[in-house]
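Q: On the provided structure of chain A, position chain B as indicated by the hints.
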Amino acid sequence: MNQSLDSDTLSYTRRIMDALRLDPVLLALLLVLATFGCLVLYSATGADSASVLRQVTRIVVALLLLVAVANVPLRVIRKFSIWLYLGGVAMLIAVMFFGEIGKGAQRWLNLGFIRFQPSEILKLAVPMIVAAYLANRVLPVGWRELLVSALLVAVPVLLIARQPDLGTAILVGSAGFFVLFLAGVQWRVMIILGVIMSMMAPLLWKFALHDYQRTRILTLLDPESDPLGSGYHIIQSKIAIGSGGVYGKGWLNGTQSQLDFIPERTTDFIFSVFGEEFGFFGSVVLLLIYLAIIFRGLYIAAHSTENFGRLLAGALSLTFFVYLFVNTGMVAGMLPVVGVPLPLVSYGGTSMVTLMVGFGLIMSIRSAKRFLV
Amino acid sequence: MSKREQLKDDYLENRLIRRRLVLAAVFTVLLLCLVIGRLYVLQVVEHEYFSTLSDSNRVRIKALPPTRGLIFDRNGIVMADNLPAYRLEIVREQVSDLDLLLQQLQQYVDVSDQDLKRFHQSLKRRRPFESIPLRLNLDDAEVARLAVNLHQFEGVEINARLTRNYPNGAHAVHALGYVGRIDERDLGKVSEVDYAGTTHIGKLGLEKFYEKELHGEVGIQQVEVNARGRTLRVLSETPPVQGNNLYLTIDSRLQKIAEEAFADQSGAAVAIDPNNGEILALVSMPIFDPNLFVNGISFDNYHALRDSHRRPLFNRALSGQYPPGSTTKPFFGLLGLESAVMQAKQRVFCIGYYKLPNEERRYRDWKKEGHGHMDLNDAIIQSCDVYFYDLAYRVGIDRMSEFMGKFGFGVKTGVDSTGERNGIMPSREWKRGHDGMPWFPGETLITGIGQGALLVTPLQLANSTAAFARRGIRYQPHLVKSIEMIPDYRQIDTPSRIVGRYELQREANWQHVHDAMVDVVHGLRGTAKGISRGMQYRAAGKTGTAQVFEIAQDEEYKEDEVIEKLRDHALFISYAPAANPRIAVAVIVENGGHGSSVAAPIARKIMDAYLLEKS
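The listed protein sequences derive, respectively, from chains A and B. For the first sequence, counting from 1, position 22 maps to 22 in the numbering used here; every step adds exactly one. For the second sequence, counting from 1, position 30 maps to 403 in the numbering used here; every step adds exactly one.
The hints are simulated quantities; they were obtained by calculation from the structure and are not laboratory data. Note that the Cβ used here is the ideal one computed from N, Cα and C, for glycine as well.
Here are the simulated DMTMM-like cross-link-like pairs (lysine to aspartate or glutamate), alpha carbons at most 20 Å apart as the crow flies:
1. B:Lys854 x B:Asp646
2. B:Lys497 x A:Glu264
3. B:Lys381 x A:Glu306
4. B:Lys497 x A:Asp48
5. B:Lys854 x B:Asp454
6. B:Lys381 x A:Glu145
Distance ranges between label pairs, derived from CB positions:
7. A:Val25 x B:Asp470: 46 to 54 Å
8. A:Asp211 x B:Phe400: 26 to 34 Å
9. B:Ala952 x A:Arg162: 56 to 64 Å
10. A:Met199 x B:Leu403: 23 to 31 Å
For reference, chain A alone in the conformation it holds in the complex:
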């Protein structure tokens, strides 16, 4: 702790934090990240303060939700898991029949007063239900538990992949997988599953993937093959990041970004704007902030007093990492283009809310131990 700070002020802040059941470290990191995000967004939108203001509004709303969720007792959250899960799956099925179609995929559900993607709910509900299910069982998990959990994960993942929304399916699937991983699935089981998956890959390639998804993967191998379509994204994104160099071209000075070369530069490809303007140095700093957030989450998981909290906090933190890895990997041309935003930085409200609520859960897990001891 910083000794130069007035100890009264410090304890005052801490008292507020405790009263609100918030984790000051995690909260501070999230705020730093969101601030970074707004700065890049300002540049990516071509200095459009109205867009940034909208984003700030979203951040504030999401933070309020975080505080609200952080104050829900963990046992309530645990009891609520099953209903959230069932409701989420029901809505996914509803989307299949009544969903609204946007950009070629059927993802949206319109309830009249609000329009949202039910798949977002599952990003939280899947790790919650699997964690709740495994929390009382003997660990490491046996075959029976493994099978039930796999089923709990597979149903929503397949429904989401059908929409098609590969990005979200990956996120939901990995969230479920992480709970199982933390619950101690044996290595040989994972190896067997891995072998089965890789054997199924050609089948998936042939039957499960849409044409455009295949194109994206092929494009990654040879971006020049589709220079007017998705290859263009990768080519231009690499030029932007690469031309940034060690220290970057400076805020608001990225020529690639400012001249409209980067498509989706406020959403999925915002990291290329960041890379161009802040360079290698800035990018590493940004990644370290992310790493700090993930580590803080894992720390809270490790110090939780019951399995539900351990599993859930751990899985949510690791899913956050998947966001980061898939997005930066895609923007840097290492992974195929799937629609995963850069968490807490990309423009848009849906993922912002889900992520902040997720951190609210982690904070609730953190405070839970105090009241149990």
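A: Just chain B now, kept in the frame of chain A:
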């Protein structure tokens, strides 16, 4: 369960989870190092390379729009082709002050608000190095003025691009449809890659229905440009592939004769080959010049077309729904015999009106004094209403709607164009769904003479007539005879599809009605005997007159027009040669009065043109 519960050891489990958490953390760091390594390669190792690319990001990718497929009539006469037209295009990234440039350009060419709006729309969608059209179809004077001053304007280009052209003008416009500039509504429907560089898209009719065939495949050109963005040389090129060509079932000559036969009357005529469903002519009058729409129709022109009380933009042949009137009588007559409710020689006495038992209301015949004794033959030849009131009363609405459905009444024909409407064949279920009311017996009578809720489109009526001519075999009518695939010029014929088949109980029943229809044209008392003079073949037909009892509520009251508007629609259906039908025709002349005097002569001209020329 309880046994396992006892084995639960929180300490061990906590250790397990912690071990896994640490493992996951290590993985996280490793994967993040991978990303950082990748960034290191891009930003430090290969920085120079990308930096050069970025500075002189001068390799441009240009989309080469494909040439739209051509449309020919069944004999190879060109119905739609492409002509070079000059366009004023702007490359955004080469312009320093766009607003100023737009202002300056207006000194040399007219730029309408609509042009500007479209320009700004595509500006948002297109990449900054793509040329975006500001004005299409420049005339020679404008091109000359611009060319002289082009050196002042950075980023302005005059390009000749092929643009859709309809060489015959208004001819067959309702069969062809037209293309127009891509607007917001089209954007979601087409792939941005396939349509990069394409400015026009099928808006209506065949042009819209066959958009996929006609459009072709986009080409790609990689060019090197100088610092100002001017193209220095082409590095590589994948040429575009022209869209496929369409060969129509329409006979342009026949179509022309039909259009001229209408003179200045409004209405529709459809001619179909009953043996395969090919549409030989599809006429909706009045017609308009689709070329007006290709490059954005002017405000005045559009309003003149839209607000004309004759509604030239309305495709009556497919979207117009009319009461078929007495043209339904052959069908109902056949139903009477087939259901054994009537005998061919059975007579009904017509006193000029018909009354339902226990009801006071009189259902009038068109002939006040009545026709006297009528058998089926007389009733069709003289179009006696009372006979068909009685028939309808005896058969009942359920059998009527089932039977008519088999001949295609009330169902879409499935023609390969846009804007087709259903028509209505009323039934009990339809009425309940329509206004929640039960079916009244009186409505059965009205339906029996083709009035009331019963509505048909001219295409439907022609196709039902064709199905009647083929004794119940109904084809799906179609406008495209074959598609010529580019680049290998393979012809793919549209297959003839039978979509309905009514099995006759007795061939003789059909023969009775058919004979009566021949007598309508050739008999002494036939309602259409006027057209049989000098006819070199025998035709079967039926006239019809449909009452127009209402004016739409939102229409203005204009005395001189109202009188014409309240006049009846004239209808005529026909097929010929009677012994072996090769053409079936339906003609509707709006507010034309009687079918015999107005609609039948048009049908005769169409049949003459087709049958006499061919044989």
